[in-house]
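Order-wise, the sequence lines are chains A and B.
Everything in the first sequence is counted per this note's numbering, starting at 1 for the first residue and increasing by one.
Everything in the second sequence is counted per this note's numbering, starting at 1 for the first residue and increasing by one.
Hints are supplied without guarantee of correctness; some may be wrong.
[Claimed, not checked] Footprint (simulated), chain A over chain B, 3 or more residues, beta carbon under 8 Å:
{"#": "1", "stretch": "117 to 130"}
{"#": "2", "stretch": "144 to 151"}
{"#": "3", "stretch": "194 to 203"}
{"#": "4", "stretch": "263 to 272"}
Bear in mind the hints are in silico, worked out from the structure with no lab data behind them.
Ideal Cβ placement from N, Cα and C applies to all residues, glycine included.
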Amino acid sequence: MSKDQIKLRFIFPALLGVLFFFMGSANLFAQKAKKNKARINVEYVKLMNGKIFFNIKASSRVNKETIALSDIDLTVYNVLDDEDNELGTARTNAKGESSFSLNSINAIKADSTDTYHILVAFAGNDAFKKAKKSIEFKDANIEAKIITKDSVNYVTAVLTDAKTNEPIADQSLKVQVQRLFKPLRIGKEFNSTDEAGAISVAVEEGIPGLDGNLTLEVVLNESDDYGTIKSMVTGNIGVAFVDESTYDQRTMWSPRGKTPYFLLFLTYSGIFVAWGFIVYLFINLFKLSKS
Amino acid sequence: MKTKEQHIQSLIPKKFNKIEIIWMSFLLLIIFAGFLAYVDQLINGLEVTNLNDYSLWGIYISNFVFFVATSFVGSATVAILRLTKNEWRTPLVRIAEIISLAAIAMAGITIVIDLGRPDRMLNTFIYARFQSPITWDVIIIPTYLVVSFLLLYFPLLPDLAIMKKYYEKSSPKLSKWYGKLSLNWTGNEAQKALLQKSVTIVAILILPLGLILQTIDAWLFSTTYRIGWKSTNFGPYFISGAFVAGIGALVVSIYFVRKMKNLEDYITDFHFDKLGKLMALACMIYLYFNVNEYLIPAYASTLNEETHLNTLFTGHYSTIFWFVTIGGLIIPIFLLMFKKGRKPLPMLLIGLLVVVASWWKRYIIVTPTLLHPYLPIQGVPESWREYFPSLHEWLITASNLATALLIFTLLIRYLPVVPIQRTIDEEALLTTDKKIES
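From just these sequences and the hints, can you work out the full model?
Shown next, in the form of structure tokens:
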């Protein structure tokens with residue numbers, strides 16, 4: 001037996017031993033690692049004369065902390081007669097959020113009771129178990145208008161069932177003015193629809209808007225039966241504010257291309273005076289070397 | 001009375017002795033450690049520091065402000081004493097000029113160090129916005145650096161010519177260098193007149209530039225709408241603070257240079273006494289501005305001001321605050337009132353105290369304000385509410401200080417720290433006056 005053969009006799013079992021040792025380590029194999037439970041939240045949102053979409057959020061409780069599940073694929077189904085019809089997939093962002101849009105409500109089908117069934121499923125991955133969440137909702141509409149009665153502006157809205165066109169009573173609607181960062185709530189906190197499915201809220205005077213235009217929103221928020229429905233109506237019932245922008249002026253806060261002339265003059269004067277003397281002094285050094 | 005040759009022999013730069021070599025090695029070691037830390041910072045970015053979204057200016061900016069303040073010694077002592085014809089300045093001015101040059105050079109470098117991407121320094125020129133005090137700073141620092149160099153260089157010309165002659169036989173190579181640097185100085189009347197004119201211009205020029213530099217440095221802070229910075233007092237407050245830091249650095253430097261180079265005949269107790277009085281004046285002016293800076297906000301006592309002042313007076317930074325106020329100002333003023341306090345050794349101790357306090361003063365100007373933002377962001381990490389420099393920051397800071405000291409040490413190795421020609425001329429003038437009197 002040669003020396004090399006003897007070496008191989010020991011090296012080969014040793015390598016196998018190392019391999020088997022690490023095979024025993026559960027951490028190297030994701031499928032054996034403990035998986036965390038994934039949670040999915042789905043909200044149906046309908047903007048009147050606008051988009052229809054589902055807001056989806058995926059999270060998990062890990063070490064007593066809720067973390068967002070980012071970059072995971074979720075499949076959206078329209079469930080009808082125990083059959084799952086795939087509508088498409090959505091991927092979550094860094095906050096674990098995703099939005100799945102429908103072209104129109106006709107893209108999904110309702111059951112015999114006019115109820116839509118939507119299922120959002122997560123297939124699971126190395127770290128999280130598979131999960132799903134289903135929601136049910138009926139299609140409803142909000143029709144909002146601005147009316148003026150006795151010099152007072154009101155926003156009126158009617159909530160109706162989209163299929164039967166019947167008014168929906170006893171639903172709480174929010175009325176708010178669209179603002180840049182957060183809407184400004186007006187009227188009472190809860191405006192319950194009457195038997196005609198209607199509400200009416202007075203719009204107070206003096207609310208500023210661009211050219212006096214105010215966009216008012218009437219919102220049915222996260223209803224168990226109808227999801228979230230938002231209707232917007234714009235009217236010239238606000239106070240026009242004057243745009244006092246200094247964007248085109250030369251100010252201390254404008255970009256460098258719009259530096260005030262006095263500042264340019266002062267700075268350049270200072271630079272020319274100081275560096276003028278410096279150049280003169282260097283000329284003197286040159287003269288000294290030649291004298 | 002010494003002869004011309006004796007003066008030259010006494011004042012000509014000499015080779016490093018053992019202690020100076022050890023000192024240089026020590027400085028190089030610190031610089032090397034700081035260099036390694038900086039390379040790591042360059043590779044990994046500012047995450048190696050403890051700077052964060054709140055404390056975006058930390059120890060590096062404290063260093064920058066300290067160096068800028070110290071560089072004021074060139075304007076404060078050299079220019080003022082020269083223009084007011086204070087003759088006792090002669091043996092001190094060159095050291096002040098060297099400190100000024102080393103400090104302003106390091107101030108510029110410190111700003112580059114503070115940038116995570118040093119190549120972006122160019123953007124401050126390319127995209128300069130004249131409304132920003134940072135742009136003014138970018139303009140004034142190189143300007144002050146060049147003028148500080150000229151302030152050192154012009155009066156050096158006659159001495160460089162002396163050294164050229166002195167080393168002609170013993171070290172021809174060195175003599176050649178001194179010859180080139182002396183710009184063929186022969187001391188003829190035309191050269192003397194031109195030199196005198198140039199020195200006067202540079203002495204006048206550096207004074208407003210020094211004031212502008214310190215003011216812009218102050219405006220970097222006071223033009224931001226921040227508690228502890230937003231003060232109309234900040235310009236003179238910084239100028240007077242720079243006056244203190246600069247003279248403190250000068251006193252410490254003069255003590256050691258005098259000792260190491262055996263200059264007791266040239267830098268006497270009289271000079272320390274004069275400098276002591278100047279330092280006492282500087283400290284008193286600075287104390288006055290300190291009172292203005294803290295008393296009025298404390299009196300008005302708005303919520304934000306109160307929070308900030310409590311941090312300084314009784315809170316997290318109170319130890320440093322009272323050290324810099326009492327140790328760096330009140331005790332020096334008190335000790336400098338006595339003649340014994342203005343002797344060389346007490347002056348050294350006071351100078352050291354003032355310099356250390358000056359550095360910490362900049363630290364508590366920069367940091368506590370940053371930790372009290374107007375818009376507290378909910379859910380910010382707890383670590384953002386505190387700041388203490390990381391090891392990288394300390395190493396780089398120590399390296400910066402060591403580099404300034406290295407520049408200083410090298411310059412005093414190759415340049416005469418006491419002006420030779422001027423000392424000879426002054427003594428000749430004194431002898432002539434005595435002859436006329438007799």
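Do the hints match the structure? See the list:
{"no.": "1", "hint": "117 to 130", "verdict": "holds (count 4)"}
{"no.": "2", "hint": "144 to 151", "verdict": "holds (count 3)"}
{"no.": "3", "hint": "194 to 203", "verdict": "holds (count 6)"}
{"no.": "4", "hint": "263 to 272", "verdict": "violated (count 0)"}
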